[in-house]
Amino acid sequence: MDEGILTIVLVLILAGLILGLIRFIKGPSAADRAVALDNMSISITSVFVLLAFLFERYIYIDVALIYAVLGFIGIIVVARYLERAL
Amino acid sequence: MEILKIIGYILLLLGAVFLFLGALGLYRMPDVYTRLQAGTKASTLGAMAFMLGVGFLQPDWMVKIIIMIVFLTIANPLSSHAIARAAHKLKQKPYTKGEADALEEAELSIEKENQA
Numbered sequence: 001m002d003e004g005i006l007t008i009v010l011v012l013i014l015a016g017l018i019l020g021l022i023r024f025i026k027g028p029s030a031a032d033r034a035v036a037l038d039n040m041s042i043s044i045t046s047v048f049v050l051l052a053f054l055f056e057r058y059i060y061i062d063v064a065l066i067y068a069v070l071g072f073i074g075i076i077v078v079a080r081y082l083e084r085a086l
Numbered sequence: 001m002e003i004l005k006i007i008g009y010i011l012l013l014l015g016a017v018f019l020f021l022g023a024l025g026l027y028r029m030p031d032v033y034t035r036l037q038a039g040t041k042a043s044t045l046g047a048m049a050f051m052l053g054v055g056f057l058q059p060d061w062m063v064k065i066i067i068m069i070v071f072l073t074i075a076n077p078l079s080s081h082a083i084a085r086a087a088h089k090l091k092q093k094p095y096t097k098g099e100a101d102a103l104e105e106a107e108l109s110i111e112k113e114n115q116a
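Heads up: the protein sequence lines correspond to chains P and Y, in order. Numbering follows this note's numbering, with no gaps: position 3 of the first sequence is 3. Numbering follows this note's numbering, with no gaps: position 22 of the second sequence is 22.
For reference, chain P alone in the conformation it holds in the complex (with noise of 0.2 Å):
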């Protein structure tokens, strides 16, 4: 039963990945892209987490809060710049 949910939690997050992917390479403006980019870096947090369960290390969560950080500062440093800031 743990496998089984386990799998679909991995394939649910997966497909969410694969569509935010879709919507990055399509999206017809820099802000569209920008939007993706910041989904995906949070599925990608949430999938370190699961990770870091699956395989039973707990410095995985550490990679996965600094993964967070980077990807908030990157979100905010793309959107100055997007809005001619910098």
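Since the hints were derived computationally from the structure, they do not count as laboratory data. There may be inaccurate statements among the hints.
Short, incomplete list of chain Y residues facing chain P, as computed with Cβ under 7 Å [unchecked claim]:
no.	residue
1	Ile6
2	Tyr9
3	Leu12
4	Leu14
5	Phe20
6	Leu26
7	Pro30
8	Val32
9	Thr34
10	Gly39
11	Phe50
12	Ala75
13	Ile83
14	Lys112
Calculated cross-link-like contacts (lysine to aspartate or glutamate; reagent style DMTMM-like; alpha-carbon spacing at most 20 Å) [stated by the list, open to error]:
no.	chain 1	residue 1	chain 2	residue 2
15	Y	Lys91	P	Glu3
16	Y	Lys91	P	Asp62
17	Y	Lys89	P	Glu83
18	Y	Lys64	P	Glu3
19	Y	Lys41	Y	Asp31
20	Y	Lys5	P	Glu83
21	P	Lys26	Y	Asp31
22	Y	Lys93	P	Glu3
Cβ atoms here follow ideal geometry from the backbone N, Cα and C, with glycine treated the same way.
Here the structure of chain P is known, so what remains is to put chain Y in place on it, guided by the hints.
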């Protein structure tokens, strides 16, 4: 022990469903602002439920997971606000027509005050 495991798996499934629905809204919606609405709020809730589920499955890790949830609660609305502001500066048109644009009116009034 068993009840914590059941709660954890339910939260994990709920979070994955919300992450998928957020990405589906990102794919289906017609313009930038509605994509922000669907893609950011739903995936914030999804990520929070997901991490809380892992915290219920491994109760020793709860402290650092709560730190991550607090950071997500602060950071995700900030980044979506910055992207929406950038889209407005890029003159992206909303999908609906004839609505008031409060940000543009405020900027025009500030320009008038500076000229006077």
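Item to check | Residue hint Phe20 (chain Y), partner chain P, criterion CB-CB below 7 Å | outcome: For Phe20 (chain Y), the interface hint holds, since the closest Cβ of chain P sits about 4 Å away, which is under 7 Å.
Item to check | Pair hint Lys91 (chain Y) and Glu3 (chain P), alpha-carbon separation not exceeding 20 Å | outcome: Cα-Cα ~48 Å, so violated.
Checklist entry - Given Leu26 (chain Y) was flagged as interface, is its beta-carbon under 7 Å from a beta-carbon of chain P? => result Holds. Min distance 5 Å.
Next on the checklist: Tell me if the straight-line CA distance from Lys91 (chain Y) to Asp62 (chain P) falls inside 20 Å.
Outcome noted: Violated, at about 39 Å.
Checklist entry - Taking 7 Å as the limit, does the beta-carbon of Ile83 (chain Y) come near enough to a beta-carbon in chain P? => result Constraint on Ile83 (chain Y) satisfied, holds at 5 Å.
Checklist entry - Does the CB of Ala75 (chain Y) sit less than 7 Å away from some CB of chain P? => result Since chain P brings a Cβ to about 4 Å from Ala75 (chain Y), closer than 7 Å, the hint holds.
Checklist entry - Taking the closest Cβ pair, is Phe50 (chain Y) under 7 Å from chain P? => result Holds. Min distance 5 Å.
Checklist entry - Regarding the hint that Leu12 (chain Y) lies at the interface with chain P, is the smallest CB-CB distance below 7 Å? => result 6 Å, holds
Checklist entry - Regarding the pair Lys89 (chain Y) and Glu83 (chain P), is the alpha-carbon distance no greater than 20 Å? => result Status holds; Cα separation ~6 Å.
Checklist entry - Is the hinted pair Lys93 (chain Y) and Glu3 (chain P) satisfied, with a Cα-Cα distance of at most 20 Å? => result 46 Å, violated
Checklist entry - Do the alpha carbons of Lys41 (chain Y) and Asp31 (chain Y) lie within 20 Å of each other, as the hint requires? => result 16 Å, holds
Checklist entry - Taking 7 Å as the limit, does the beta-carbon of Tyr9 (chain Y) come near enough to a beta-carbon in chain P? => result With Cβ-Cβ at 5 Å, under 7 Å, it holds.
Violated hints, listed in ascending order, are 1, 4, 7, 9, 14, 15, 16, 18, 20 and 22; each of the other numbered hints is respected by the structure.
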